[in-house]
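Novice: Each chain, letter by letter, is given below.
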Amino acid sequence: MSRGAYSVRRVADPAPRPGLGRADFQRICENGFGDGHNSFGHSLAWFQGKLYVGTTRSNFQMVKIQAIFKNLPVDCWPVEGPDDPDGLYRELDRRAQIWCFDPKVGEFREIMRAPMVMGSQGEEVARETGHRRMVVFQGESDPAPALYVATWAVGRSPGPLLLRSEDGESFEPCSPYGILEGLPITATRVLAAFKDRLFTSPTGTRGHGVKFVINVSGNPIIYETRDPRRGKWVASCEPGFGETGNAGVFQLCSWRDQLYAGTINNEGFQLWRSDCEGEPPYQWEKVLERGAARGALNQAVVSMHVFRDALYIGTGIQNGGYDLTNDIGPAGAELLRLNRDDSWDLVMGDSRDADDGSHRVPLSGFSAGFGNLFNGYVWSLQEHDGWLYLGTMDSTIWLRYLRPVAYTEQTRAVVEGVGAERIVENEAGCDLWRSADGENWLPVTKVGFDNVYNFGIRNMVSSSEGLFVATANPFGPRVAVRKGDGWTYQDNDRGGLEIWRGHRPE
Amino acid sequence: MIILGSPRSYSSLVCAMLGQHPETYGFPELNLFCGDTLQDVVEGFTGYRQVQLHGLLRTVAHLYSGEQSIAAIDMAHRWILLRLERRVEEVFAELQRKVAPRHVVDKSPLYSSSEQNLMRLRSRLPNAYYLHLTRHPRSQGESMMNVADGLMAIMANSIDYQAKPPVVDPQISWLEIQKNIVSFLEAVPETRRLQLRGEDVVTDPDSHLRQICAWLGIDQSEPSLRRMLQPEKSPFARLGPFGAHLGNDIGFLRSPALRKGKPHMPSLHDKLPWRPDGAGFSPAVVSMAQQLGYT
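Keeping their order, the protein sequence lines are chains A and B.
Following my numbering, the numbering of the first sequence begins with 1 at its first residue and continues without gaps.
Following my numbering, the numbering of the second sequence begins with 1 at its first residue and continues without gaps.
Just to be clear, a hint being listed does not mean it is correct.
Label-pair ranges, simulated between beta-carbon atoms [as the list claims (entries may be wrong)]:
#, chain 1, residue 1, chain 2, residue 2, range
1, A, Arg17, B, Asp40, 48 to 56 angstroms
2, B, Gly243, A, Arg17, 19 to 27 angstroms
3, B, Leu84, A, Gly357, 20 to 28 angstroms
4, B, Arg86, A, Gln26, 57 to 65 angstroms
5, B, Gly243, A, Pro73, 55 to 63 angstroms
6, B, Lys260, A, Gly49, 48 to 56 angstroms
Note that these hints are calculated values from the structure, not bench results.
Just so it is clear, CB atoms sit at the ideal spot from N, CA and C, and this is done for glycine as well.
This is chain B alone, in the form it adopts within the complex (with noise of 0.2 angstroms):
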């Protein structure tokens, strides 16, 4: 199963969680669909993208080595480099068998903001499930900005060059990222997609939790359940080693447990806070939020 959706909205959190069912093993953020080959992928995360190789170096040394050290991960670092020319859905076919008999959940954004990584998805992972996972445009565009003064919003080049001068503006990418799910989702079949907003997952994780077991046809049993509540115990809800801290959204990695309540839901109408000019949204990020839900 593959969460898709914008950066900021709960994946981590949500990936977690149901990578704690007894039958399902949640990584970090792989991006290993990224390229066609392992090689396209590490050569596409050179310089400052160097961190999104973090979750796949974590992954493969806990699986294969059962720490997240400095050694594990440079074990890692030699896995990666021994199945460079491989074709990436050969290296996650290999991770699936390492947690065989239990089913993946992949969470990397980056594939959504690439049709050409979503195409790919499709063409490499046939049957896979897909789960639409939404957060409000207003606060998952502060929560980008609260990231290093708007650093994600920049590598996603979600930036307002209409604006003089140009204005970082993360709602430029959130647009972007559900247009490509909106529009890829429409060729899977509806039996293997879902859309869920986030907020409503944390206002009541037991429900929709439930509906996402039913939906993936997995067991929803009171025990399962409240494993799922626990997305601290998964082996990637903490700061990683030197080399390879990340994988997963900062904020997740320094506070990983659920705190169950009903978030604020803003207005899609107001200025936005990280416009100096006093705009809002436009007209096609109001009218993609209400089609996802928002008001």
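So here's chain A without its partners, still in its complex pose (with noise of 0.2 angstroms):
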């Protein structure tokens, strides 16, 4: 320890800023903006010092009518709905709305509510359900960056539509339908900007005989454009990466000059990035397969985000963790980590051989989702004030409304050891988590903010003035409660999403 000529340096201290614990969050919207018809908070932005919320709404009375979810075997629906698809269009306001919110001012503002437009059977229908991502990028012909807005169309709907307004008050359609014309699509879940160009992949399928119409387009190419207000979109890559398992593409993200691309695949995900430079449709390079030598069990990268200078990637497997169209699952979802030298990680998850041989064991401690089966998705991963924040999709609520039949013979074994209410009171929720290393990992709420009906955080964007979290809460407006031995539904002023503000006052 003896030296020579030395000078006192003043040296951080060690240990990393406080995050952001359960007392330092604050519902700034409750029960859906006052409408449980608002589902999910399914796209968030960060815009001119505001922000913006995107909804989507009556999920769950839309995915009651689903061909997959029919045979369901449940007690009783957990919201009250239609019956049939004609019902939805006939019977319900699924007029999708974007919210934004002054710091300043404190409070909410309705800026937009979708028009109703001509639909395909001669009825007028909600041009847009949902608006299910957002980005701040600037176009070629844009004069300063504008909120572009990617919407989910409703069947009958002619087609999604991509948005774009420069002040955030007026969005006006910049796209064709479909936005790219004629495409066959419901929605966009991806917006990425990369390399002065915003790249996207169509999502969810209007018309049949595919399997997964919600989250898939039969359509897996990735997109790019450099002027999105004027619709120039080529193709950035070959269909699936030239590989039929790539049902659609997830999630992109940049990182060190490269773009990333996490598919879903029934054999499990794969990872593939380009540098997208020369000419359209590039080189791209698989980097991952196989979700990660865990299989089917990682059927897509549902959220990426880098975080200390490595791609942190959330998997899960669609419907909530228990692909029932596939037979995939229940399996709780891992977070895994790439790192420079395209090592990777398992940080959260199941212990297991990697395809070089090595024994993985996750370097949090935890296995898949959190240890909770339940934790279908890492749904939304965020940075905020040097912290990594990890938010949950949370199916133990449908443990109300499952019957036992549902279950495999173990989740069976324990939910009635258990009691179904009981785990439902204690554990139902989603699940926030922080860590400062990306390694150790620290609770934020594991019980939705104390609502057993957020049972998914879908949404993160971190601001100056905060981290804003915005939940998936579908159990609105009208839900099942236990009435004597059978059910009824009422008023429920916990449905609807919910938007909280993380914020520790300096």
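Both chains are given apart, each in its own frame, so use the hints to dock them into the complex.
Specialist: Spelled out as structure tokens, the structure:
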């Protein structure tokens, strides 16, 4: 320790600044902005000093009539809703909304509600029922960064659009229906800016004959444009990167001069990357396959985020961690980390041997789903003030409605032993976790901010005004409750998306 | 730098003071070198000894999350579980890297109570500096006996079985520990060992802290010294959360500020208040105390 000449350096405290705990979060929107049909905070953006929230409406009413859920063994469907598609259009206001929170005022204001347009069956329908993605981007003809919003069209609507706003007040379509002319899709869950271009990939199919109608378009291609306002989109990769198992591109994320694309694949997700240089379609390189040696149980890349110069990858199985269509799951989601040298770490997940023969143990000490089978997605990842925050989709609340026949033998033993309602009361609700180093994780909440109906953290955005968290809460406006030996629907004042603001005044 | 000494001998206070120096980091009682692997250590701290893991838990919680909460302690348990098979020097090195470029100060009194622990220190940390911090055996014994009616002395098996009936007597562990340390330090190069009376440090902290800084080769400027006079600013200078509330001396945790002044220096020759038979210090204790500068 002895030295000759020296100078004293002020060394930074080696401990990280404390992250946001449960007490640092305040709810700034509840009950779906007072309308329980606003189910998901499906998109979130920080634009011109304000928070923008795009809603998707009536999700569980919509899911109820979808073919793959028709035979779900439930005692009672969780929310009141029509029994057929016609009812959806006839009885519900499905017009998606955009809300804006000005931190200076401290209130939300509704900015936009989707118009009604002529539908495919000669009746007026909501042009869009959801806003599935927002991104701030400046294209070639944009005088300044604009807010772009990808919509989710109802099946009988002409199709999804890309909306654009320069001022955060007026949102106008800047694409044809389908976003790319003629594409038979309902939405995109992907918008990513990279090298002065905007990238997207279709999600959700209009029509029939494909298995994944909600999440997969049958068109697993990444498109790009330098000018979304003028709509010149071109394909930047070949379909599915040339592999038929890639049913869709679920996530895009830029890191170290490369664009990374995570797929949904029933043999396990794949991760691809390209520098997107030269003429499209570009050369793409496969980085991971077979769900990082977990196979189908890592069906899709659900979230990606760069933190401390590594790429964090959140996985999941569609339909909340149990894909009934393809009989995959149930299983908890994982968190993986791709390092600069292309090695990968199992941060949170199930121990296993990797393809190179090495044995991987979760660096966090948590098995998949943070030890909770029902954490079916790592749905969102966001850095804020030096911490990585992770939000899950937790389907525990379904135990309240499912018949035991729905469970695997192992799950049934647990549920029957403990009691479904006791599990719901103590465990239901999404998780929000945080880590200062990406390896050691602490919970902010494991019970949906004390609301069992907040079953997912769908989006997060970091800003100078705090960390904003948007939940998915499709349990409104009227939810099923037990009454005697049966069920009844009653108003749910905890149903509908919530927005939470994590903030610690200096 | 490792502080060696008996329990209740100012080590928590001095470690926290040294840890406030801009070039050092003061850990609470890590107790890492009480086994060859972390699993050895953890398995040794079961039952009532679980508290001896509190310092490591608090350290991990603080360094990896910036907080010492129940959730952070839970996280620290997982951190430990993932490293059970590692050798303790690897774990120590990981914590060193976490606070680098600061130099580490560790003050685990358990090291001094076992020759085996001391030998482990020597082999695993061959370049460590050792501060032998002492306290008068009478005031140290009184302090030991003031904790839960002598529980600390009982835990250290400091019992005179020759007496009828046997008597809890902290001078036994005091002597054993001092003998361990003195014997151990004989093999440590002179440049890397220093003995100080704790009473002298609290009586005249400025000059003694400056002496320690000079010995360690770290900055002795006024700003650095002033920082060291604020041990209460250590993140480990307060009670920790449920499940990891200790990790330092309980008296220090309750009242961590430096109280300057000259502590009463008692006699080596009077009767001992904790001995119902009116016995005093054994000749060996008196001899060792005199060797360490007490009269």
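Novice: Do Arg17/A and Asp40/B keep their Cβ atoms within the hinted range of 48 to 56 angstroms?
Specialist: violated, 35 angstroms
Novice: The hint says 19 to 27 angstroms between Gly243/B and Arg17/A; measuring C-beta to C-beta, is that right?
Specialist: holds, 23 angstroms
Novice: Does 55 to 63 angstroms hold as the CB distance between Gly243/B and Pro73/A, or does it fail?
Specialist: With a Cβ separation near 42 angstroms, Gly243/B and Pro73/A fall outside 55 to 63 angstroms, so the hint is violated.
Novice: For the hint 57 to 65 angstroms, verify it against the beta carbon of Arg86/B and that of Gln26/A.
Specialist: violated, 42 angstroms
Novice: Return holds or violated for the Cβ distance of Lys260/B and Gly49/A against the range 48 to 56 angstroms.
Specialist: holds, 52 angstroms
Novice: Regarding Leu84/B and Gly357/A, is the given constraint of 20 to 28 angstroms on their beta-carbon distance met?
Specialist: holds, 23 angstroms
In the structure shown, a violation is registered for the earlier hints numbered 1, 4 and 5, in ascending order.
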